[in-house]
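Trainee: Sequence:
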Amino acid sequence: MIETRDGLPLSSEVTSTASALDEAIESYLATRADTPRIIRQILVDDPDNLMARCLMGYLTKLAGDRVNGQRAAKLQRALASHVEGGAGSAWERSHVTALGMWVDEDLDALLHHFETMLNAYPHDALSLRMLHYLYFYHGDSRQMRDSVGARLDAYAGHRLEGYIEGMYAFGLEEAGDYVEAERFGRRAVERNPMDLWATHAVAHVMQMQGRVDEGIRWLQDMRPQWADGNNFRFHLCWHESLFHLAAGDLEQVLIIYDEDIAPAVQDDFYLDLCNASSLLLRLEAAGCEVGERWQPLAEIAEQHVQDAELVFASLHYLMPLLKTRSAAADVLMATLHRWASTDTDQGHVVRDVALDVAAFLGALNNGERARAAALQRNFRADLHRIGGSHAQRELFDLIA
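The sequence shown begins at 872 in our numbering and counts up one residue at a time.
Everything labelled a hint here was simulated from the structure, so no lab data went into it.
Among the clues, some could well be false.
Derived CB-CB ranges, DEER-like [said to hold, decoys possible]:
#, residue 1, residue 2, range
1, Cys1159, Asp916, 27 to 37 Å
2, Pro918, Met872, 17 to 27 Å
3, Ala1157, Arg1248, 23 to 33 Å
4, Ala1245, Asn990, 40 to 50 Å
5, Ala1245, Arg1030, 26 to 36 Å
6, Glu1160, Arg1030, 44 to 54 Å
By construction, the Cβ of each residue, glycine as well, lies at the ideal position given by its N, Cα and C atoms.
Required output: the full structure, derived from the provided sequences and hints.
Mentor: The structure is reproduced here in C-alpha coordinates:
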(Lines of atoms letter the chains of each structure in order from A and count residues from 1; the text may use other names and numbers.)
(Lines give C-alpha, C1' and ligand atoms only; values in the text may rest on other atoms or scores of the structure.)
Protein backbone atom coordinates (compact mmCIF):
# COMPACT_ATOMS: atom_id res chain seq x y z
CA MET A 1 0.00 0.00 0.00
CA ILE A 2 1.31 3.43 -0.96
CA GLU A 3 -0.10 6.93 -0.56
CA THR A 4 -0.60 10.00 -2.69
CA ARG A 5 0.95 13.28 -1.65
CA ASP A 6 -2.24 13.99 0.32
CA GLY A 7 -2.20 10.67 2.17
CA LEU A 8 -4.87 9.01 0.04
CA PRO A 9 -4.26 5.23 0.09
CA LEU A 10 -3.44 3.35 -3.11
CA SER A 11 -3.25 -0.43 -3.38
CA SER A 12 -0.61 -0.23 -6.10
CA GLU A 13 2.92 -1.46 -5.40
CA VAL A 14 4.42 0.70 -8.15
CA THR A 15 5.60 3.66 -6.09
CA SER A 16 6.00 6.05 -9.05
CA THR A 17 2.28 5.91 -9.78
CA ALA A 18 1.38 7.90 -6.65
CA SER A 19 3.08 11.07 -7.89
CA ALA A 20 1.81 10.40 -11.42
CA LEU A 21 -1.75 10.17 -10.13
CA ASP A 22 -1.29 13.47 -8.27
CA GLU A 23 -0.12 14.97 -11.57
CA ALA A 24 -3.14 13.57 -13.45
CA ILE A 25 -5.60 14.98 -10.93
CA GLU A 26 -3.94 18.41 -10.96
CA SER A 27 -3.93 18.32 -14.77
CA TYR A 28 -7.68 17.63 -14.69
CA LEU A 29 -8.29 20.46 -12.22
CA ALA A 30 -6.35 22.78 -14.52
CA THR A 31 -8.39 21.61 -17.57
CA ARG A 32 -5.14 20.67 -19.33
CA ALA A 33 -5.16 18.57 -22.46
CA ASP A 34 -2.55 16.13 -21.19
CA THR A 35 -4.71 14.44 -18.54
CA PRO A 36 -5.51 11.31 -20.62
CA ARG A 37 -1.87 10.94 -21.63
CA ILE A 38 -0.75 10.96 -17.99
CA ILE A 39 -3.36 8.33 -17.09
CA ARG A 40 -2.38 6.13 -20.03
CA GLN A 41 1.26 6.25 -18.92
CA ILE A 42 0.26 5.19 -15.41
CA LEU A 43 -1.54 2.21 -16.90
CA VAL A 44 1.50 1.31 -18.98
CA ASP A 45 3.61 1.26 -15.81
CA ASP A 46 0.90 -0.31 -13.65
CA PRO A 47 -1.91 -1.89 -15.75
CA ASP A 48 -4.05 -2.79 -12.73
CA ASN A 49 -3.88 0.64 -11.07
CA LEU A 50 -7.40 1.03 -9.72
CA MET A 51 -7.48 4.80 -9.38
CA ALA A 52 -6.02 5.45 -12.82
CA ARG A 53 -8.64 3.13 -14.31
CA CYS A 54 -11.38 4.81 -12.29
CA LEU A 55 -10.20 8.28 -13.32
CA MET A 56 -10.27 7.15 -16.94
CA GLY A 57 -13.83 5.97 -16.30
CA TYR A 58 -14.79 9.39 -14.97
CA LEU A 59 -13.27 11.18 -17.96
CA THR A 60 -15.04 8.80 -20.32
CA LYS A 61 -18.37 9.44 -18.62
CA LEU A 62 -17.70 13.18 -18.70
CA ALA A 63 -17.62 12.99 -22.51
CA GLY A 64 -21.40 13.11 -22.20
CA ASP A 65 -22.49 10.88 -25.10
CA ARG A 66 -23.98 7.40 -25.52
CA VAL A 67 -20.88 5.64 -26.87
CA ASN A 68 -18.63 6.95 -24.12
CA GLY A 69 -21.32 6.24 -21.56
CA GLN A 70 -21.23 2.59 -22.66
CA ARG A 71 -17.45 2.57 -22.45
CA ALA A 72 -17.58 4.00 -18.93
CA ALA A 73 -20.07 1.29 -17.92
CA LYS A 74 -17.77 -1.40 -19.29
CA LEU A 75 -14.81 0.07 -17.40
CA GLN A 76 -16.84 0.19 -14.21
CA ARG A 77 -17.98 -3.43 -14.50
CA ALA A 78 -14.35 -4.53 -14.82
CA LEU A 79 -13.39 -2.41 -11.80
CA ALA A 80 -16.30 -3.71 -9.72
CA SER A 81 -15.30 -7.29 -10.53
CA HIS A 82 -11.72 -6.52 -9.49
CA VAL A 83 -12.68 -5.13 -6.06
CA GLU A 84 -15.40 -7.72 -5.34
CA GLY A 85 -13.10 -9.81 -3.20
CA GLY A 86 -11.90 -6.84 -1.17
CA ALA A 87 -9.08 -5.68 -3.44
CA GLY A 88 -8.13 -2.01 -3.34
CA SER A 89 -8.03 0.51 -0.55
CA ALA A 90 -11.23 1.85 1.00
CA TRP A 91 -10.70 5.11 -0.93
CA GLU A 92 -10.30 3.30 -4.24
CA ARG A 93 -13.35 1.11 -3.60
CA SER A 94 -15.38 4.22 -2.81
CA HIS A 95 -14.48 5.67 -6.20
CA VAL A 96 -15.41 2.44 -7.95
CA THR A 97 -18.78 2.62 -6.19
CA ALA A 98 -19.18 6.25 -7.28
CA LEU A 99 -18.52 5.40 -10.90
CA GLY A 100 -21.10 2.61 -10.63
CA MET A 101 -23.74 5.02 -9.33
CA TRP A 102 -22.94 7.38 -12.19
CA VAL A 103 -23.22 4.82 -14.96
CA ASP A 104 -26.49 3.67 -13.35
CA GLU A 105 -27.69 7.32 -13.50
CA ASP A 106 -28.45 7.37 -9.76
CA LEU A 107 -27.36 10.99 -9.38
CA ASP A 108 -29.01 11.73 -6.04
CA ALA A 109 -27.24 8.76 -4.46
CA LEU A 110 -24.00 9.77 -6.19
CA LEU A 111 -24.12 13.31 -4.85
CA HIS A 112 -24.63 12.00 -1.32
CA HIS A 113 -21.83 9.46 -1.82
CA PHE A 114 -19.31 12.10 -2.87
CA GLU A 115 -20.30 14.33 0.05
CA THR A 116 -19.70 11.38 2.40
CA MET A 117 -16.36 10.59 0.76
CA LEU A 118 -15.22 14.17 1.24
CA ASN A 119 -16.05 14.01 4.92
CA ALA A 120 -13.76 10.97 5.17
CA TYR A 121 -11.07 12.27 2.78
CA PRO A 122 -11.06 16.11 2.92
CA HIS A 123 -8.15 16.35 0.43
CA ASP A 124 -9.81 14.20 -2.21
CA ALA A 125 -9.82 16.99 -4.78
CA LEU A 126 -11.03 14.61 -7.49
CA SER A 127 -14.24 13.91 -5.58
CA LEU A 128 -14.73 17.61 -4.94
CA ARG A 129 -14.39 18.44 -8.64
CA MET A 130 -16.75 15.61 -9.61
CA LEU A 131 -19.27 16.88 -7.08
CA HIS A 132 -18.93 20.42 -8.44
CA TYR A 133 -19.60 19.20 -11.98
CA LEU A 134 -22.57 17.07 -10.95
CA TYR A 135 -24.25 19.88 -9.01
CA PHE A 136 -23.74 22.08 -12.09
CA TYR A 137 -25.63 19.68 -14.35
CA HIS A 138 -28.12 19.04 -11.57
CA GLY A 139 -29.05 22.72 -11.73
CA ASP A 140 -28.19 23.24 -8.06
CA SER A 141 -26.15 26.45 -7.86
CA ARG A 142 -26.48 26.71 -4.07
CA GLN A 143 -24.87 23.32 -3.50
CA MET A 144 -22.30 23.97 -6.20
CA ARG A 145 -21.21 26.91 -4.04
CA ASP A 146 -21.64 25.36 -0.59
CA SER A 147 -20.06 21.98 -1.32
CA VAL A 148 -16.80 23.76 -2.14
CA GLY A 149 -17.18 26.51 0.46
CA ALA A 150 -17.41 23.91 3.22
CA ARG A 151 -13.96 22.60 2.25
CA LEU A 152 -12.05 25.87 1.84
CA ASP A 153 -10.44 25.65 5.28
CA ALA A 154 -9.13 22.15 4.52
CA TYR A 155 -7.21 23.59 1.57
CA ALA A 156 -5.74 26.67 3.26
CA GLY A 157 -2.07 26.74 2.28
CA HIS A 158 -2.46 23.57 0.22
CA ARG A 159 -0.80 23.31 -3.21
CA LEU A 160 -4.27 22.91 -4.80
CA GLU A 161 -5.83 25.83 -2.94
CA GLY A 162 -6.08 27.99 -6.08
CA TYR A 163 -8.05 25.36 -7.99
CA ILE A 164 -10.46 24.98 -5.06
CA GLU A 165 -10.90 28.77 -4.94
CA GLY A 166 -11.60 28.75 -8.70
CA MET A 167 -14.39 26.23 -8.19
CA TYR A 168 -15.77 28.25 -5.31
CA ALA A 169 -15.71 31.37 -7.48
CA PHE A 170 -17.93 29.74 -10.07
CA GLY A 171 -20.31 28.46 -7.42
CA LEU A 172 -20.54 31.96 -5.95
CA GLU A 173 -21.22 33.46 -9.38
CA GLU A 174 -24.01 31.01 -10.17
CA ALA A 175 -25.50 31.68 -6.72
CA GLY A 176 -25.49 35.43 -7.50
CA ASP A 177 -22.66 36.65 -5.23
CA TYR A 178 -20.73 38.47 -7.93
CA VAL A 179 -18.39 40.50 -5.70
CA GLU A 180 -17.07 37.47 -3.82
CA ALA A 181 -17.02 35.39 -6.99
CA GLU A 182 -14.74 37.87 -8.71
CA ARG A 183 -12.50 38.17 -5.66
CA PHE A 184 -11.99 34.42 -5.37
CA GLY A 185 -11.72 33.98 -9.13
CA ARG A 186 -9.03 36.61 -9.58
CA ARG A 187 -7.10 35.23 -6.62
CA ALA A 188 -7.27 31.74 -8.11
CA VAL A 189 -5.95 32.99 -11.44
CA GLU A 190 -3.12 34.79 -9.66
CA ARG A 191 -2.14 31.48 -8.06
CA ASN A 192 -2.55 29.48 -11.28
CA PRO A 193 -2.71 31.60 -14.46
CA MET A 194 -3.51 28.44 -16.47
CA ASP A 195 -6.63 27.71 -14.37
CA LEU A 196 -9.24 28.03 -17.11
CA TRP A 197 -12.11 27.28 -14.73
CA ALA A 198 -11.24 30.27 -12.55
CA THR A 199 -10.72 32.46 -15.62
CA HIS A 200 -14.16 31.32 -16.72
CA ALA A 201 -15.72 32.21 -13.36
CA VAL A 202 -14.51 35.82 -13.61
CA ALA A 203 -15.78 36.02 -17.21
CA HIS A 204 -19.20 34.90 -15.97
CA VAL A 205 -19.28 37.68 -13.39
CA MET A 206 -18.52 40.27 -16.06
CA GLN A 207 -21.14 38.71 -18.34
CA MET A 208 -23.84 38.88 -15.69
CA GLN A 209 -22.93 42.48 -14.81
CA GLY A 210 -22.80 43.64 -18.42
CA ARG A 211 -19.13 44.66 -18.21
CA VAL A 212 -18.57 44.12 -21.91
CA ASP A 213 -15.27 45.92 -22.53
CA GLU A 214 -13.73 44.50 -19.36
CA GLY A 215 -14.85 41.02 -20.32
CA ILE A 216 -13.23 41.26 -23.74
CA ARG A 217 -9.96 42.53 -22.24
CA TRP A 218 -10.00 39.86 -19.51
CA LEU A 219 -10.33 36.99 -21.95
CA GLN A 220 -7.99 38.41 -24.56
CA ASP A 221 -5.32 39.01 -21.91
CA MET A 222 -5.72 35.42 -20.68
CA ARG A 223 -5.58 33.77 -24.12
CA PRO A 224 -1.83 33.03 -23.97
CA GLN A 225 -2.55 30.82 -20.93
CA TRP A 226 -4.91 28.57 -22.89
CA ALA A 227 -2.30 26.89 -25.11
CA ASP A 228 -2.11 23.70 -23.03
CA GLY A 229 -5.82 23.63 -22.26
CA ASN A 230 -8.30 21.00 -23.36
CA ASN A 231 -11.44 21.77 -25.37
CA PHE A 232 -12.76 23.91 -22.54
CA ARG A 233 -10.67 26.74 -24.02
CA PHE A 234 -13.21 26.93 -26.84
CA HIS A 235 -15.91 27.61 -24.27
CA LEU A 236 -13.88 30.64 -23.23
CA CYS A 237 -13.86 31.67 -26.90
CA TRP A 238 -17.65 31.34 -26.76
CA HIS A 239 -17.72 33.69 -23.78
CA GLU A 240 -15.57 36.21 -25.61
CA SER A 241 -17.95 36.04 -28.56
CA LEU A 242 -20.87 36.86 -26.24
CA PHE A 243 -19.12 40.04 -25.14
CA HIS A 244 -18.57 41.04 -28.77
CA LEU A 245 -22.21 40.23 -29.49
CA ALA A 246 -23.30 42.49 -26.64
CA ALA A 247 -21.09 45.22 -28.12
CA GLY A 248 -22.83 44.80 -31.48
CA ASP A 249 -19.66 43.62 -33.21
CA LEU A 250 -21.20 40.79 -35.24
CA GLU A 251 -18.22 40.64 -37.57
CA GLN A 252 -15.88 39.77 -34.69
CA VAL A 253 -18.33 37.18 -33.40
CA LEU A 254 -18.30 35.45 -36.79
CA ILE A 255 -14.50 35.55 -36.85
CA ILE A 256 -14.32 33.82 -33.47
CA TYR A 257 -16.97 31.34 -34.57
CA ASP A 258 -15.18 30.46 -37.81
CA GLU A 259 -11.64 30.38 -36.39
CA ASP A 260 -12.19 28.82 -32.96
CA ILE A 261 -15.66 27.49 -32.26
CA ALA A 262 -16.66 25.79 -35.52
CA PRO A 263 -13.41 23.84 -36.03
CA ALA A 264 -13.64 22.45 -32.49
CA VAL A 265 -17.03 20.88 -33.27
CA GLN A 266 -15.24 18.24 -35.36
CA ASP A 267 -13.73 16.85 -32.14
CA ASP A 268 -17.25 15.61 -31.34
CA PHE A 269 -17.33 16.76 -27.72
CA TYR A 270 -20.76 17.85 -26.56
CA LEU A 271 -19.70 21.22 -25.14
CA ASP A 272 -18.19 22.30 -28.46
CA LEU A 273 -21.49 21.58 -30.21
CA CYS A 274 -23.39 23.40 -27.45
CA ASN A 275 -21.13 26.44 -27.88
CA ALA A 276 -21.68 26.48 -31.64
CA SER A 277 -25.44 25.83 -31.67
CA SER A 278 -26.26 28.42 -29.04
CA LEU A 279 -24.02 31.04 -30.64
CA LEU A 280 -25.61 30.63 -34.06
CA LEU A 281 -29.06 31.01 -32.52
CA ARG A 282 -27.93 34.17 -30.74
CA LEU A 283 -26.49 35.55 -33.96
CA GLU A 284 -29.74 34.89 -35.81
CA ALA A 285 -31.69 36.53 -32.99
CA ALA A 286 -29.45 39.58 -33.48
CA GLY A 287 -30.39 39.67 -37.17
CA CYS A 288 -27.20 38.11 -38.53
CA GLU A 289 -27.31 35.78 -41.53
CA VAL A 290 -25.23 32.72 -40.67
CA GLY A 291 -25.35 31.07 -44.09
CA GLU A 292 -24.51 27.37 -44.28
CA ARG A 293 -22.94 27.21 -40.81
CA TRP A 294 -25.73 25.01 -39.42
CA GLN A 295 -25.00 22.07 -41.73
CA PRO A 296 -21.72 20.82 -40.19
CA LEU A 297 -23.37 20.98 -36.76
CA ALA A 298 -26.30 18.93 -37.98
CA GLU A 299 -23.93 16.28 -39.34
CA ILE A 300 -22.39 15.88 -35.88
CA ALA A 301 -25.76 16.06 -34.10
CA GLU A 302 -27.16 13.26 -36.28
CA GLN A 303 -24.66 10.92 -34.62
CA HIS A 304 -26.19 11.65 -31.22
CA VAL A 305 -29.92 11.38 -31.76
CA GLN A 306 -30.11 8.26 -29.58
CA ASP A 307 -27.98 9.63 -26.76
CA ALA A 308 -29.64 9.62 -23.36
CA GLU A 309 -26.74 10.92 -21.33
CA LEU A 310 -27.04 14.65 -20.73
CA VAL A 311 -30.29 16.56 -21.20
CA PHE A 312 -28.47 19.85 -21.75
CA ALA A 313 -26.47 18.35 -24.62
CA SER A 314 -29.44 16.66 -26.30
CA LEU A 315 -31.37 19.94 -26.43
CA HIS A 316 -28.41 21.56 -28.17
CA TYR A 317 -28.13 18.66 -30.61
CA LEU A 318 -31.75 19.32 -31.50
CA MET A 319 -31.08 22.92 -32.56
CA PRO A 320 -29.06 22.29 -35.77
CA LEU A 321 -31.34 19.38 -36.70
CA LEU A 322 -34.35 21.67 -36.58
CA LYS A 323 -32.53 24.44 -38.43
CA THR A 324 -31.56 22.12 -41.29
CA ARG A 325 -34.97 20.41 -41.36
CA SER A 326 -33.23 17.09 -40.78
CA ALA A 327 -35.43 14.02 -40.36
CA ALA A 328 -33.07 13.12 -37.51
CA ALA A 329 -34.86 15.74 -35.38
CA ASP A 330 -37.84 13.37 -35.17
CA VAL A 331 -35.54 10.54 -34.09
CA LEU A 332 -34.09 12.71 -31.33
CA MET A 333 -37.60 13.69 -30.21
CA ALA A 334 -38.53 10.01 -30.02
CA THR A 335 -35.42 9.42 -27.89
CA LEU A 336 -36.47 12.21 -25.54
CA HIS A 337 -39.93 10.68 -25.13
CA ARG A 338 -38.44 7.25 -24.32
CA TRP A 339 -35.96 8.88 -21.96
CA ALA A 340 -38.80 10.68 -20.18
CA SER A 341 -40.32 7.31 -19.25
CA THR A 342 -37.19 6.10 -17.45
CA ASP A 343 -36.89 6.27 -13.68
CA THR A 344 -33.60 8.17 -13.64
CA ASP A 345 -32.73 11.69 -12.52
CA GLN A 346 -32.12 12.87 -16.07
CA GLY A 347 -35.22 11.01 -17.27
CA HIS A 348 -37.29 12.98 -14.78
CA VAL A 349 -35.76 16.23 -16.06
CA VAL A 350 -36.72 15.28 -19.60
CA ARG A 351 -40.26 14.46 -18.51
CA ASP A 352 -40.75 17.57 -16.37
CA VAL A 353 -38.82 20.18 -18.38
CA ALA A 354 -36.95 19.15 -21.52
CA LEU A 355 -39.92 17.86 -23.53
CA ASP A 356 -41.46 21.32 -23.31
CA VAL A 357 -38.12 22.96 -24.13
CA ALA A 358 -37.73 20.75 -27.20
CA ALA A 359 -41.28 21.52 -28.31
CA PHE A 360 -40.56 25.23 -27.74
CA LEU A 361 -37.53 25.03 -30.04
CA GLY A 362 -39.60 23.28 -32.66
CA ALA A 363 -42.41 25.82 -32.43
CA LEU A 364 -39.98 28.72 -32.84
CA ASN A 365 -38.40 27.03 -35.83
CA ASN A 366 -41.84 26.71 -37.42
CA GLY A 367 -42.75 30.33 -36.72
CA GLU A 368 -45.38 29.35 -34.11
CA ARG A 369 -44.51 32.10 -31.66
CA ALA A 370 -47.73 31.96 -29.64
CA ARG A 371 -47.30 28.25 -29.04
CA ALA A 372 -43.63 28.80 -28.16
CA ALA A 373 -44.61 31.44 -25.61
CA ALA A 374 -47.11 29.09 -23.99
CA LEU A 375 -44.53 26.31 -23.78
CA GLN A 376 -41.98 28.67 -22.30
CA ARG A 377 -44.40 29.60 -19.53
CA ASN A 378 -44.59 25.90 -18.71
CA PHE A 379 -40.84 25.39 -18.26
CA ARG A 380 -39.42 28.78 -17.28
CA ALA A 381 -39.50 28.23 -13.50
CA ASP A 382 -37.81 24.82 -13.78
CA LEU A 383 -35.36 25.51 -16.61
CA HIS A 384 -32.39 25.38 -14.21
CA ARG A 385 -32.97 21.63 -13.93
CA ILE A 386 -31.51 21.01 -17.40
CA GLY A 387 -28.14 22.14 -16.02
CA GLY A 388 -25.76 24.65 -17.48
CA SER A 389 -25.12 28.19 -16.30
CA HIS A 390 -27.34 31.25 -16.16
CA ALA A 391 -25.43 32.60 -19.17
CA GLN A 392 -26.10 29.43 -21.16
CA ARG A 393 -29.79 29.16 -20.24
CA GLU A 394 -30.30 32.85 -21.03
CA LEU A 395 -30.46 31.70 -24.66
CA PHE A 396 -34.03 30.50 -24.26
CA ASP A 397 -35.20 34.02 -23.37
CA LEU A 398 -33.12 35.67 -26.08
CA ILE A 399 -34.62 33.63 -28.92
CA ALA A 400 -38.24 33.69 -27.71
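Trainee: Now, for every hint given, state plainly whether the structure supports it.
Mentor: Structure-based check of each hint:
no., hint, result
1, Cys1159 x Asp916: 27 to 37 Å, "violated, 52 Å"
2, Pro918 x Met872: 17 to 27 Å, "holds, 18 Å"
3, Ala1157 x Arg1248: 23 to 33 Å, "holds, 24 Å"
4, Ala1245 x Asn990: 40 to 50 Å, "holds, 46 Å"
5, Ala1245 x Arg1030: 26 to 36 Å, "violated, 53 Å"
6, Glu1160 x Arg1030: 44 to 54 Å, "holds, 50 Å"
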